[in-house]
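> Residues per chain are reported as follows:
Number of protein chains: 4
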Amino acid sequence: MKNTFGNNITITLFGESHGEAIGCVLDGMAPGVKLDYEFIDRMTELRKPKGKISTSRHEGDRYRIVSGVFNDITTGTPICIMIENENTRSGDYADLKKIPRPGHADYTAGLKYHGFQDHRGGGHFSGRITAPVVVAGAIALQALNAKGIYIGTHISSLGGIKDRDFADYITDIESIFDREFPVLDDEIEDKMRKHIETAASEGDSVGGILKTAVTGCPGGVGEPWFDTVESMISHAIFSIPAVKGIDFGAGFGFADMKGSEANDPLRMSGNNVVTSTNNNGGINGGITNGMPIEFSTVIKPTPSIYKEQDTVDLSKGENSKLKIQGRHDPAIIHRAAIVVTAMTALTVADILVTHFGTDHLR
Amino acid sequence: MKNTFGNNITITLFGESHGEAIGCVLDGMAPGVKLDYEFIDRMTELRKPKGKISTSRHEGDRYRIVSGVFNDITTGTPICIMIENENTRSGDYADLKKIPRPGHADYTAGLKYHGFQDHRGGGHFSGRITAPVVVAGAIALQALNAKGIYIGTHISSLGGIKDRDFADYITDIESIFDREFPVLDDEIEDKMRKHIETAASEGDSVGGILKTAVTGCPGGVGEPWFDTVESMISHAIFSIPAVKGIDFGAGFGFADMKGSEANDPLRMSGNNVVTSTNNNGGINGGITNGMPIEFSTVIKPTPSIYKEQDTVDLSKGENSKLKIQGRHDPAIIHRAAIVVTAMTALTVADILVTHFGTDHLR
Amino acid sequence: MKNTFGNNITITLFGESHGEAIGCVLDGMAPGVKLDYEFIDRMTELRKPKGKISTSRHEGDRYRIVSGVFNDITTGTPICIMIENENTRSGDYADLKKIPRPGHADYTAGLKYHGFQDHRGGGHFSGRITAPVVVAGAIALQALNAKGIYIGTHISSLGGIKDRDFADYITDIESIFDREFPVLDDEIEDKMRKHIETAASEGDSVGGILKTAVTGCPGGVGEPWFDTVESMISHAIFSIPAVKGIDFGAGFGFADMKGSEANDPLRMSGNNVVTSTNNNGGINGGITNGMPIEFSTVIKPTPSIYKEQDTVDLSKGENSKLKIQGRHDPAIIHRAAIVVTAMTALTVADILVTHFGTDHLR
Amino acid sequence: MKNTFGNNITITLFGESHGEAIGCVLDGMAPGVKLDYEFIDRMTELRKPKGKISTSRHEGDRYRIVSGVFNDITTGTPICIMIENENTRSGDYADLKKIPRPGHADYTAGLKYHGFQDHRGGGHFSGRITAPVVVAGAIALQALNAKGIYIGTHISSLGGIKDRDFADYITDIESIFDREFPVLDDEIEDKMRKHIETAASEGDSVGGILKTAVTGCPGGVGEPWFDTVESMISHAIFSIPAVKGIDFGAGFGFADMKGSEANDPLRMSGNNVVTSTNNNGGINGGITNGMPIEFSTVIKPTPSIYKEQDTVDLSKGENSKLKIQGRHDPAIIHRAAIVVTAMTALTVADILVTHFGTDHLR
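Residue numbers (the numbering used here), protein chains in the order written: chain Y, 21 to 382; chain F, 21 to 382; chain L, 21 to 382; chain E, 21 to 382.
So here's chain Y without its partners, still in its complex pose (with noise of 0.2 Å):
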């Protein structure tokens, strides 16, 4: 339903990159959560730009969270999430109705809106209004942690450079959590930043591809049909700007693979039923089989580059020009992780919620 997500745990997102304020109401939290504001403040900062990579706006990203909060403990009442624009150029954006940028949502939006959307900076289509999902996030990925429930996002790969996959799951995510470059390798991290700075020295961008493991979830929960746990991530992870492919477990990789290769066999860990591979990505059949849940998401190039592009001018239905000016970010894949990470934590536990009932996560 449009601007709102979520079957029982739902949140709804509004505001344009240069209107007043952006932000989202958070509903069907659990009443009883304390806020562990430190953990909140440091998934913001994950999501922020900073260094050489990104563009050199400057976020405050100061969040309000202006109800259903009593004396720092969730009440179980919508939350609402205010975040205050400042710091807005907009007179860099004056052009977009009229002059579309490729690759953005300038074009669709007047298609849409009949041209009185709000432009500057990309309005409601502007990555930065996932800032406020990525405070519900962190609330809800707390209430996760609580019961045992783990969710990081690394960039598997990147211009060809490619990370090694989760082994530990949660020393692995903790470890994500730490890093300002979600990577799982040390070595790594300095290639991926040199591949985007020389993009970034020729005007260009790159994107790539981001890996999310999901970890002590428990098996049984999920839809056989439409709900589903790939439909319901999926809903959610398409709505992040960029994203243009998702996959789980083996994901594309099943096309070149046979079923004696692509079933995960089952076996006794213990008590415990396993599987010996995670092909399926913790799932079959729409539901949780007690795997981690593992899915990959591609991240388009940033659409917004330095060199001249072909475009129309819709005012005179002409073919023209265009040289974007302003600040942007050769790469967002690095800030997108936590945004993946956030979608996710929000939708498993909507999902919880669901099988579990209201007062699961508290």
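Derived by calculation from the structure, the hints in this document are not laboratory data. Treat the hints with care, since some could be wrong.
Repeated chains share a single entry, so a pair holds when one copy, or any two copies, can fit it.
Quick list of in silico lysine to any residue cross-link-like pairs, SDA-like style, CA-CA up to 20 Å [unchecked claim]:
no.	residue 1	residue 2
1	Lys-211	Ile-181
2	Lys-182	Gly-273
3	Lys-167	Thr-191
4	Lys-68	Asn-105
Once you have looked at the hints, place chains F, L and E on chain Y.
For chains F, L and E alone, coordinates are given in the frame of chain Y:
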């Protein structure tokens, strides 16, 4: 919401593979659409198993439309599609609750339903449940066709063998509907069939990649957050059994592209704005741009194989072996293609009716 | 959402009075509930027309449960309930599209469906569509009973004749299920029946007021805004044909009360908190307080009467006269009572499952 | 869904009476509506407490629209309305968790939220949360007015004193918007005010009945089952605090009518079909017939009274006494009228946009 999907055109699924009947309720179709039963039958045929590369269970799939249609014209009220089950050999499935099949939902169904699930033939998880989806999708697709919107799905890759890309969309889509095996390039069919037959002769199975195109969809529909066109389509598609990944346009290929390659330049084509490339698969910021919507779906190899597999005996809490009996498809990808088309038709119809109102598709 | 209702237990309706079949899909019932067919049959009987005060159409109402039940036990998957139509005399309804019946939906159906509706017997608007609702409600009610929650509905007022109030709730509710004509006071039945028969003998019809009680529902469920218990129940109840009003507890009587009379004083009863009066009908701020939920529903007189009525001829755009033929109930209130009970059971079950999780009602 | 309501135009509420801020997110409004702030302010004024018959807390209710509006024109994206809380005297409410007020939600909130609710001033249950609803409703109503649809609510009955019925709908509705005290008959105001003042002087409070009319709504919108116009309106209205009943048209009066009196005869009025009476309140079979939609809502007496009341001390599990301090309305019905109008506007707008599409109300 569990077994119901859609905002304004909804589909609700019911049934078990070896129960009394399977079916669905399609709600929200406009009144006044004269049903083209020949078209529905053609789509239904494409889903049926046949030949050497399919199961030897001959499903009748004779559907009845028991409501919502009067004098062969839709009334605007819910359309219930029923398929009575017949030719069921339940004995084949006797031990699935005790000895779950690797790669199937037997184990997860047991967790979720506490052993009360109808396990015969996969029960509610069976691919057979897609039969009424195809009928519903055919009704939606017929209404879309009348608006100049066409949808087709072909096997783009299987065992390393690749079909050509869509070229002339409408002609190509029509050609798929005329073929039992959905490929664009005549010479590819034999190679793919041979690959499947080889796997079958080894008691094994194969997966592959499907590519879907939607042409004629107007620009400006969809939502920026949560109900993006990608979110809605992926939500629907991931509930098709065996789907483990989806990507739009260049999809996972974006990982190794630069922004200057990835962005689709805009240009005038007569009075229309088009893009020179279609890396974004017809969608920017979650909203259609008027170019063909294109996406790929990966289908994992059929988990039912005839080789001995490792599994567990849940009644004893011990490791066990399993050799599956009965009749099973060595590949389902050629049958899954029309299911993907049907699900896409339902989703696109829903998106259009949400935007243009309930009478749009009559 | 159109013909679907509920958050976590949902019901989807389909069918036309004189079409092939009517039915519903009940989704979200817990796995593991052994169906009590005797109980379902008893509820189904109470909805059936019989005797002098009902239509002479003998509806079979033989329901089939075609999915979601295995070995007479719910599986947790969607339960599709089907009733094939039989004994339909469509000829009686030939002119409804041209000459709409006052008080019926003939005219509004034509506006909405542009004349494509199945008009025979009211089509999708027919009270007959409540037959599968009663079956679904019986399944929900059986599960509620197992939790100590009981629901009953009696005729509290008809033609100025008033039944006594609920006294001993559980005994009274049981007594209603044992009576063909749902009143609490034995001596009232004759008077009410006579009133209906008198109206019938004049070719006229009557309405009345139903009172429903739900006992045993735990306190603390429901929502403060939008999905209040009153909102959810009223949403469901207003979709029953002929219902035109609902009030909870003292209801419209509050208009002439003072706060000091209206407030329900709290007091201890052993270790439990109870209220001395129940003017709020068991609900404060949209949330249950543990007292019986009580509400009244007004049923308008059956619009089908045998007196000549003023109407229009839509084919000519002229005023016209109509004398309804065929078989019709002079009152439906005694049959509507069990429908209100069934809808209430479905709604209460949904509210509980939303709060306590999907397995709560097994 | 909890604190969100609507199918295609949705409102999501957040906030606590004495928290940082209250507000709502209005999603689905068409782009291109120039906001009439004077109109919004006028509606907001009507909800504010004033004079002898209202609380002496002077709420600023200064709303900010922080998103979804650009250059005073709606953009089509979510409109977030914020009201910062000020002038809160929390000390007055210190014991509500321990000693719940009869007739209030204190006790039920404690059950649902396990004592974690923000109890100050009723928290999320406070009537104050309706302030942003009025702003959202004003935006919807302004768009409806532009389509010739008008909505008004007056006090039809209070303490046995009755206002006259709507006569000339548009003129009458306009007159209500011009009055601080919403009645149609000038001479009634004094009598009703006196009744309220008398109750106030006794430390008591009063309720009453509101009557709402919607004119100009086209026929043929709404749904036959579940999302009937009555279901949708009642769902929304019952979430307004203190509402305990609703009926449409003749409503509970149907109980003592015959079918021959109750049916609304159809007749031609020029080229239009109208009904001679409007007992059905503009709705047949859940669908509008083009006549004014009319319904009555009962408001219970304000539960905050100054008389000593029986209650319990939850900390001791003992009976207790309570004498409420602080500032409270002896009646809220005159302020509730505009809230009912606002909720109705949101619901009617939703029903129209569902039928005619997202751009209908621009």
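> Give a verdict on every hint.
Outcome of the hint check:
Taking the shortest Cα distances, Lys-211 and Ile-181 sit within 20 Å of each other inside one copy (7 Å), while across copies they are farther apart (34 Å). When the C-alpha separation of Lys-182 and Gly-273 is checked against a cutoff of 20 Å, the pair qualifies both within a copy, at 16 Å, and between copies, at 15 Å. Taking the shortest Cα distances, Lys-167 and Thr-191 sit within 20 Å of each other inside one copy (17 Å), while across copies they are farther apart (44 Å). When the C-alpha separation of Lys-68 and Asn-105 is checked against a cutoff of 20 Å, the pair qualifies only within one copy, where the shortest distance is 14 Å, while the shortest distance between copies is 30 Å.
In summary, this structure violates none of the numbered hints.
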